[in-house]
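Asker: Kindly generate the complete structure, drawing on both the sequences and the hints.
Number of protein chains: 4
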Amino acid sequence: MKKLIKGLREFKSSYFSANEELFEQLSHGQKPRVLFITCSDSRIDPNLITQAGLGELFVIRNAGNIIPPFGATNGGEGATIEYAIQALDIQQIIVCGHSHCGAMKGLMKLDSLRVEMPLVHDWLKYAEATRRLVKDNYSHYEGEELLEIIIAENVLTQIENLRTYPVIRSKLHQGQLSIYAWIYQIETGEILAYDPQKHAYVLPQNQLLSSEIDETLLSPPLNSNVEIHFTKTQQRPFQSSGELPIPTHEWFPMTVLSPEQMERIYRGSATK
Amino acid sequence: MKKLIKGLREFKSSYFSANEELFEQLSHGQKPRVLFITCSDSRIDPNLITQAGLGELFVIRNAGNIIPPFGATNGGEGATIEYAIQALDIQQIIVCGHSHCGAMKGLMKLDSLRVEMPLVHDWLKYAEATRRLVKDNYSHYEGEELLEIIIAENVLTQIENLRTYPVIRSKLHQGQLSIYAWIYQIETGEILAYDPQKHAYVLPQNQLLSSEIDETLLSPPLNSNVEIHFTKTQQRPFQSSGELPIPTHEWFPMTVLSPEQMERIYRGSATK
Amino acid sequence: MKKLIKGLREFKSSYFSANEELFEQLSHGQKPRVLFITCSDSRIDPNLITQAGLGELFVIRNAGNIIPPFGATNGGEGATIEYAIQALDIQQIIVCGHSHCGAMKGLMKLDSLRVEMPLVHDWLKYAEATRRLVKDNYSHYEGEELLEIIIAENVLTQIENLRTYPVIRSKLHQGQLSIYAWIYQIETGEILAYDPQKHAYVLPQNQLLSSEIDETLLSPPLNSNVEIHFTKTQQRPFQSSGELPIPTHEWFPMTVLSPEQMERIYRGSATK
Amino acid sequence: MKKLIKGLREFKSSYFSANEELFEQLSHGQKPRVLFITCSDSRIDPNLITQAGLGELFVIRNAGNIIPPFGATNGGEGATIEYAIQALDIQQIIVCGHSHCGAMKGLMKLDSLRVEMPLVHDWLKYAEATRRLVKDNYSHYEGEELLEIIIAENVLTQIENLRTYPVIRSKLHQGQLSIYAWIYQIETGEILAYDPQKHAYVLPQNQLLSSEIDETLLSPPLNSNVEIHFTKTQQRPFQSSGELPIPTHEWFPMTVLSPEQMERIYRGSATK
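Residue numbers (the working numbering), protein chains in the order written: chain Y, 1 to 272; chain S, 1 to 272; chain P, 1 to 272; chain B, 1 to 272.
Hints were generated in silico from the structure; no laboratory data involved. Take these hints with a grain of salt, some might be off.
Because identical chains share one entry, a pair is satisfied inside a single copy or across any pair of copies.
Simulated pairs of lysine to aspartate or glutamate, EDC-like, Cα-Cα distance not exceeding 20 Å [to be verified]:
hint: 1; residue 1: Lys125; residue 2: Glu160
hint: 2; residue 1: Lys105; residue 2: Glu21
hint: 3; residue 1: Lys135; residue 2: Asp89
hint: 4; residue 1: Lys109; residue 2: Glu145
hint: 5; residue 1: Lys105; residue 2: Glu144
hint: 6; residue 1: Lys109; residue 2: Glu21
hint: 7; residue 1: Lys135; residue 2: Glu24
hint: 8; residue 1: Lys105; residue 2: Asp136
hint: 9; residue 1: Lys2; residue 2: Glu128
hint: 10; residue 1: Lys125; residue 2: Asp136
hint: 11; residue 1: Lys6; residue 2: Glu190
hint: 12; residue 1: Lys109; residue 2: Asp136
hint: 13; residue 1: Lys3; residue 2: Asp136
hint: 14; residue 1: Lys12; residue 2: Glu142
hint: 15; residue 1: Lys2; residue 2: Asp89
hint: 16; residue 1: Lys2; residue 2: Glu190
hint: 17; residue 1: Lys6; residue 2: Asp111
hint: 18; residue 1: Lys12; residue 2: Glu24
hint: 19; residue 1: Lys12; residue 2: Glu190
Answerer: Listed below in structure tokens is the structure:
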């Protein structure tokens, strides 16, 4: 605690002092542009990894970055999502899993949790779709590789859950909401973002290096509530006309994931 | 999004590059010392305000830094608390409210939320003890002042709720857990910590300026399950022998809160 | 039934006849001073053991004298507590466990209840903090001794739960409510009351033998929401000024519990 | 509190001393014959009014002697009923309402409770069948008379609810359980018991004056789950053969209720 309390003093004398105007302004209200949903894991600092300033990220954190489907729980997730979309008019949501996730490891040995950590056990029920999908489709993987797949698929599972909320469903229908699937890799300090065209997690920032694409997130088609709006490497997920997404292979040099990794992640979606 | 994605690149090339060893180490596991429970509000960055490093804070964030009583919900809060205490062996919990909290404003106009934001409305049930206490005891306050009181009392309400969790109750009994009540004031960049002896929120860091007290959190009294362990200004809430807490008035120059603020926080009890 | 019906006649011709005025008076309303929460066990008669008259005790009875945390159930406990505090303005609550409690025995063999008595099994969830605390701290006890510890700790657990109710929290804050932890020992016909200073259950009546202390329950410390008001052996838990409680060892001859019993109840905390 | 604590001492020195053998015996276990469900009202002392000894009555008490239907709540009522029937093998249940019941008064002004006592408001949902029946069938009554009808009908409502519990249903089917509807009248000190043949609440003890009938509760017919087993004045509710109950008017001089009262109570059942 002493360290933290020294930190408070340090923060006040350095960061706060240098940015007093910002704090004055923030005290009048927040206008965050992104709802960032991630794990409670101590190794994640959303503001640090995105270099986002104060006031930019509205944050939900729980074990496993899990979002129970609408109506399934009466915990804080639903209320906080509703507040973000309805009261703050946030139009972008990032669901961010991460490597070495303890909750996802728990999903691999669920039975042992029943007695030891009953609340965690019950909570992982809302990642059961992940567990089942991986069990049915990736049975030949194990260990670290299996964990990576679980982590990657779970973010997609949670986005499916997220889509069941009334406010989310309505905003998606209006084309006023984009949802992104990210995975933070602790060992490389990198984010991989899901690319629905490629059905793979890819490095989003490569794109910005090579091109200065307009980042405006164009409206998804009217029926977009049946299509997930993931982070696109090219920052242009769908055309405004409501047409199908165009393949973007040529200007996306996918060098990040190994072919094996690609193949693995691909498999989950390839069944579609 | 473009800004965030640029931020990712920046983070990788600057912070990550400068701390590769840390990340390598973190990839092998986390060992956070503190569970930090705070609001989703975008103006709060727990790591920034405490200057805590990666790996130090295990974080729960939801609208209003609310912890439903054990058994009252099946959301992520209980599971994440259980994981923090049981799996990570965390021994210090900070519940941190903040000024200008939108959820607490909602508590002041609960009826209007029923239709507009039903999930938020239902979620605020777990702050009902706050609403009731403030209604019964601070009816002569209004506006900003009333909001401040609600925020301050709500942190204490949530600590009452926290104490009903089996893992919490057991660890408190063993004297292996300390719980601290904090309020982050956006406009001053300061934390006020609840001092149970003074029954007031005070600046914790003053203490460290004037004395170099060993920060080891000594054991709470025998059967600590009847005493809450709040953040003490002197960082030594109770003596290790299990004796009663000693008054610390002499070496605590209470200059932070204005007399009016003090009087206000006091008033609730002063009517006795 | 015949016996009971004969009893009704007997009651009418003896007790009722001798106290007609009392009944006339009671028919105009009740003004009980104490909410007495105890087990359904047939061996407990709250009015008999306290020699309280009709109209004095408002009584909640269920298996295990359990009070689920606020919001955790929609059973009668919360409503009855609310009615007692809000409508009847009761200012003293006794939570009274008892020796040989069948529900607490159930807590020791929870698994076997799942199939045989599913409602009892689920109900005992609200004593899970007791089970966990005892499992973690008293693992070297068994049989009758273990049961005694469970019974004693459970009363304290239920008081933690009780404190999460809005009406309770507000009244505690105002210093208008005192909560007492009792255990009724069937074999000796005695009540042991929890003494928070001694962290032990002691005989309350010894006190009254040796001193004629004003029984007025003085105000708890300011912000009593951080201090539980247990039954004090000396009937004067805290000084009215809001100062810290005074030790009362000198005038409390602790002769009731055997050293072994004392040691046992102490041990949970002694490991610190 | 001083009074209660003096009472404890008194109880120990008088009643306990005179009955030490009984207490010794009780410490080995309980074998109550009756589950007595009544209101928390301080003016009711089940053991006093029935002159039942310690160990005879297993008692549930909540506001309004309400038993939510099976599955409707997760409070203590269901678990305690299950324990009584399954673990203690109790074969007789008395649901005992009483005159001047505050909870039933609440049923007459439900809307005003929503804000003031929300838990009580929600709890009275399980007496909604009473409220509706009375509203639909007794609209021409008001004040005290209406309250009496509500109290009388509510006991029957709660018995309907009681019959939904698996253990109750099974035991009724086996003819091993009898359920009695009582009303305790504070002003007269008398119990009225529901007589299903007469469809009226009557004085049960009159019967025992005039005859020495075998009290054995004979098995109800196989389909007894569609017939409530109320207290019969003649202590012989149904014949073992499964025939319909015989009218018993000749040896039951119904002098207690006025014809108007009879008519009123009759009406509720006359619709059958």
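Asker: So, for every hint listed, does it hold in this structure?
Answerer: Comparing the hints with the structure gives:
no.	hint	verdict
1	Lys125 x Glu160	both (14 Å within a copy, 18 Å between copies)
2	Lys105 x Glu21	neither (44 Å within a copy, 24 Å between copies)
3	Lys135 x Asp89	between (38 Å within a copy, 17 Å between copies)
4	Lys109 x Glu145	within (15 Å within a copy, 36 Å between copies)
5	Lys105 x Glu144	within (10 Å within a copy, 40 Å between copies)
6	Lys109 x Glu21	neither (50 Å within a copy, 30 Å between copies)
7	Lys135 x Glu24	neither (52 Å within a copy, 30 Å between copies)
8	Lys105 x Asp136	within (17 Å within a copy, 25 Å between copies)
9	Lys2 x Glu128	neither (41 Å within a copy, 33 Å between copies)
10	Lys125 x Asp136	within (17 Å within a copy, 26 Å between copies)
11	Lys6 x Glu190	between (30 Å within a copy, 12 Å between copies)
12	Lys109 x Asp136	within (16 Å within a copy, 23 Å between copies)
13	Lys3 x Asp136	neither (47 Å within a copy, 30 Å between copies)
14	Lys12 x Glu142	neither (47 Å within a copy, 29 Å between copies)
15	Lys2 x Asp89	between (39 Å within a copy, 19 Å between copies)
16	Lys2 x Glu190	between (32 Å within a copy, 16 Å between copies)
17	Lys6 x Asp111	neither (42 Å within a copy, 42 Å between copies)
18	Lys12 x Glu24	within (14 Å within a copy, 30 Å between copies)
19	Lys12 x Glu190	between (30 Å within a copy, 7 Å between copies)
Checked against the numbered hints above, the structure violates hints 2, 6, 7, 9, 13, 14 and 17; every other hint is satisfied.
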